[in-house]
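K.L.:
Residue strings, one per chain:
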Amino acid sequence: MAIALALGVQLLQLALVLVLAPLLTGLVRKLKAHLVGRQGPPLLQPYRDLARLLRKEVVLAESASWLFRAAPYLIFATTWVAAALVPTFATGLVFGYAADVIAIVALLGAARFMLALAGLDVGTSFGGIGSSREMMIASLAEPAMLMVVFTLSLLAGSTQLSSIAAALQSPEVGLRVSLALALVALIMVALAENARIPVDNPATHLELTMVHEAMILEYSGRHLALIETASYLKLLLYVSLIACVFFPWGLASAAQGGGAYLSAAVVYIAKLGAAGFALAVFETAIAKMRVFRVSDFLGAALMLGLLAALLLFVTQAT
Amino acid sequence: MIDRLALDIAHLCAGGLVLVSFMLLYQDRLTGLINTFALHAIVVSFSVAWQAYIQHAPQLYITAGIALGVKAIVIPLALHRIIVRLGIHRSIEPVVSIGQTMLAGIGLVALAVMVMLPVTAQAGTLAREDLAFALSVILLGLLMMISRRNAVSQVIGFMSIENGLILAATGAKGMPLVVEISVAFSILIALIVIGVFLFRIRERFETVDIHLLHEHRGEQP
Amino acid sequence: MLAALLGCVALLLVASVGAIALADRRLATTAIYGVALTASVAGLLLALAALLAPAPVPATLALPIGLPWLGAHFRLDALSAFFLVVANLGGAAASLYGLGYGRHEEAPARVLPFFPAFLAAMNLVLVADDAFSFLFSWEFMSLTSWALVMAHHRRSGNAAAGYLYLLMASFGTLALILAFGLLAGWSGAYDFAAIRTASPSALMGAAVLALALAGAGSKAGVVPLHVWLPLAHPAAPSHVSALMSGVMTKVAVYGFVRITFDLVGAPLWWWGALVALTGGITAVMGVLHALMEHDLKRLLAYHTVENIGIIFIGLGLALAFSANEMPAAAALALTAALFHVFNHSVFKSLLFFGAGAVLTATGERDMERLGGLIHRMPRTAFLFLVGSAAISALPPFNGFVSEWLTFQAILLSPALPQWLLKFLVPAIGALLALSAALAAACFVKAFGVTFLGRARSQVAREARETDRCSLGAMFTLAALCLVAGVLPAWFIDALAPVAQALTGSHLPERHGLDWLTIVPIAQSRSSYNGLLLFVLIAFAAALAAAAIHRFASGRLRRAPAWDCGFPDPSPATQYTAGSFSQPIRRVFGTVVFRAREEVEMPAPGATQSARLHVQLRDVLWDTLYVPAARAVALAADHLNAVQFLTIRAYLTLVFGALVALLAVLAIWQ
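Chains as they are written, first to last, in our numbering: chain A, 1 to 318; chain B, 1001 to 1221; chain C, 2001 to 2669.
Here chain A stands alone, though its shape is the one from the complex (with noise of 0.2 Å):
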């Protein structure tokens, strides 16, 4: 019985992340218009996308093989699950000893990889623009998230995400400088990935500034959705994790039980919406790079993430 509740929790989790994402990419949406002096389209507008995806026919370039229309599912397939795996209201779910980091960060090289292979499939040029650069980004962004990973887990011993919320719970982590680095790299890292201004623009359609959407390009239809879904369950597990990490305050342990898990889900909600503030406010207060800045971007990220676990050594030497 207490296993099949356990389970039960985990799997409410899973679905939890997929109703969210779609909400949370709304919220910035509306946001950043309002903050534009725009009415914006409205907040479940996302859902309403998704819905009219798969109600469309998909069209197929003449060249595209059977990659094409298996990737969309695979890179939704890696993606959920990597979301599902970082807590979001609660630690030490059943599956939490899975939530190793390197293996989310892993997961999301996954579906990286097949939509990299899905933009070359076609054989336009447009495809090879998007794969191109976002390999490119890619090589700097993993290593620099690596380096986090490396600082956080010095700082708890362990590489699984319910141990080191648990860790940074704890009075005697303090405010650190290297928490503070790890942070910000962290968050250049996330707008990396996620196609964020100041490294890409996730609603342009210019291809010279395209990375993310030129590899999406020929798809439509119900392939769209799910990778729409896909992009939209990345950018909420990127908000969880620097939440379950950086201000861990407010998860529940597997141990309390159902009242806890309430309280617990509504603080994450509201963390979520704090980022997606932050998020629309930073975004519209910034432009974007050059294609060729971006390197320096992630190479300066990359060099903080070392920078700080540099310094966990100074402190824990002394």
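Calculated directly from the structure, the hints in this document are not laboratory data.
There could be a bad hint or two in this list.
As the list claims (entries may be wrong) - Here are the simulated lysine to any residue pairs, SDA-like style, with alpha carbons at most 25 Å apart:
| # | chain 1 | residue 1 | chain 2 | residue 2 |
| --- | --- | --- | --- | --- |
| 1 | A | 32 | A | 242 |
| 2 | A | 56 | C | 2565 |
| 3 | A | 32 | A | 198 |
| 4 | A | 288 | B | 1090 |
| 5 | A | 56 | C | 2560 |
| 6 | A | 288 | B | 1098 |
| 7 | A | 288 | B | 1100 |
| 8 | A | 288 | B | 1173 |
| 9 | A | 56 | A | 19 |
| 10 | A | 56 | C | 2545 |
| 11 | A | 30 | A | 41 |
| 12 | A | 56 | C | 2557 |
| 13 | A | 56 | C | 2579 |
| 14 | A | 30 | A | 278 |
| 15 | A | 56 | C | 2547 |
| 16 | A | 288 | B | 1031 |
| 17 | A | 56 | C | 2265 |
| 18 | A | 288 | B | 1184 |
| 19 | A | 56 | A | 205 |
| 20 | B | 1173 | B | 1098 |
| 21 | A | 56 | C | 2551 |
| 22 | A | 288 | C | 2547 |
| 23 | A | 288 | C | 2555 |
| 24 | B | 1173 | A | 176 |
| 25 | A | 288 | A | 273 |
| 26 | A | 30 | A | 19 |
| 27 | B | 1173 | B | 1016 |
| 28 | A | 56 | C | 2555 |
| 29 | A | 288 | B | 1115 |
| 30 | A | 56 | C | 2564 |
| 31 | A | 30 | A | 16 |
| 32 | A | 32 | A | 203 |
| 33 | B | 1173 | B | 1184 |
| 34 | A | 288 | C | 2564 |
| 35 | A | 32 | A | 11 |
To be verified - Between beta-carbon pairs, the in silico distance windows are:
| # | chain 1 | residue 1 | chain 2 | residue 2 | range |
| --- | --- | --- | --- | --- | --- |
| 36 | A | 277 | C | 2551 | 29 to 35 Å |
| 37 | A | 253 | C | 2549 | 34 to 40 Å |
| 38 | A | 69 | C | 2010 | 50 to 56 Å |
| 39 | B | 1062 | A | 277 | 38 to 44 Å |
| 40 | C | 2472 | A | 249 | 55 to 61 Å |
For each residue, glycine too, the CB sits at the ideal point set by N, CA and C.
Here the structure of chain A is known, so what remains is to put chains B and C in place on it, guided by the hints.
P.N.:
Only chains B and C this time, still in chain A's reference frame:
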């Protein structure tokens, strides 16, 4: 004794100063560089003020005030105006790319830590960390001076070295004449800045006037 | 068991001699590869038995062949058994592949005699227990592989590749002779049993380490001694390339592990730093070179360099932990490195087999002339995709597990007391992460440009699927990639005796249902469950497919590509390999390769096309090898004068040498 929170905040300030030194290395525009240097000075003044609070040494407040007033407000304002007046070229050309400079910066921080921590094994925790970070800031300031072709950035590098020295001086408790030395250093800095601009840069930068450069703008390989 | 193994080796040698007799007959290919397959499978099973049920004392055997006062000693312990599994698995897969691929061979008489001999030589290196048999088998291995590299010696570039290979192999053997000479001189005997019991001084140990790194490292492909690998490996026939990249480099790793972990005695901490740093640099340089390549087989060869770097990172960490008396951490690092040895031999062989299939089908190795092969060769494309995903360290395949274990070993570095190690290991972790990310980029390029998109040439448009034997070999290896990724605990338990023998500890054993999770140090610290991730992904994909099927529209229509409204029927408008790697070339290449791009624009109104020149220089080749070659040439020119002296001058030389020797003798007394 110094309690945990006070230690953490002092540590955060010193680490923050290292971070802002890296931000100085990252800049490629002159206005951004001057604003970042103003931030550098603000962080150092806050750090000195905090040290004054936890060491119960009220004379350090004066040092903090001088750092804030002179280096965070007066000198950046003066630099902004001089740049506009003399029409100086606004983008900074690094000798090697920014990525490699930052990589060298990381190596310097590691070197500073490796040197300072074993050497100061007898001192208190706060002093050891401050000294290691201060040496890092000094080395990063030197790196900035040698890796930029622009005279303004070299001056700013020199001033950030001085900020590092102030951090080291205030971190080591009980160093005498800190206030007097910092006043003297600040006057020295101001004179250097004025001197450099009035007597050297004028001849150089007249030919690098921003308007003449327009036809030569292009991408570097 | 050891005797049976040596029997298999003898069978392979007999097959090799037989191939010389049979060579041009029609059935020769099938017969020889069949014999090789049987012998390899037998060897694989024997080695597995030896690994999984280790004898309390390793089996030894002494044969009265070879040097008269030494004989030939052979030994089968856990380390040899593991590497024999790797070697024979690769050999079996290559023989199976060869049954199909060998039919397209244009000069079977140049390949068939040497193939079984190559397999035999590799097996002999792995069981050799004294310096002479080790070096003899090593040289035999180099010579047979050289003969295979020169099989198509009339093709451009192959002769130069073979020459460079011979030079580097000789250099490597020289370094190993010196290393063994130092060890044998210290202990007084050539056999490993005696060398093991003697413990050399620190200076001697350092010298042996440096020589072993140079000798075994050059055969494995460690930077800066890797330059022969990307030229020689692609020149050989594809199944031999797979053997050379997948197995021979691992035999070199075995040689390094045997010398540094077993024969030399207790390591020092800075040995680990040196080896790990070399590994990190090798990994990044290998993958950056691979990104600049558009020859499919040369790209795969550079990737071998990268993976050898990853293996050496693990070995260096194991040395550092051993030197600091941390056996559990050393066992973790060593297990990670050895598991990566196994994984790499599996997926690299798979990828080379795929490249061979493409080569047979189209006659092209250049990616810029391929494309769209996923439509013409769907099974090969799928298996190559599995290999690409495995080598890019993507879950749920095996490449991810060994990289995860290496990262866990790196995360234990704060416990090391030396400051240099404390700072070096995170930097090496950053290099490892960078090489993993770049590897994924490289394989998106390799798979995408070769198999996806539209065909860029007539041969690509007319390609046909390969034969069943080749597909069978590839399928077995791909299945093994998945199994090793989903059930890694079995493989790690199999490696426990090796880790125990070399470092004194092994990874924690898992029992019952916990067996599905691998745990490097303790459950509370980190764990990885490959099967769970695989099941979750499959479940999520199936759920998505079912929901889509139920709720979404099922209509589909084929139409020309959208391409932002500018569709161009010419396949020349799609991205090429060079254009795909251009952003990375700009970011990393300007420093590492002095990459320069120049565009020749014609004047306005002129009708000739613009040209893009990309210039890449291999900095190591220019700074190390070219000056060395020039110095040798200069010295040879000067010494050439000795050829043309008069008789009186020669007599003076002889007289001078005699007098010098007598003087030395006098002083010595």
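K.L.:
Please name the hints from earlier in the document that this structure breaks, with their numbers sorted from lowest to highest.
P.N.:
8, 13, 17, 18, 20, 22, 23, 29, 35
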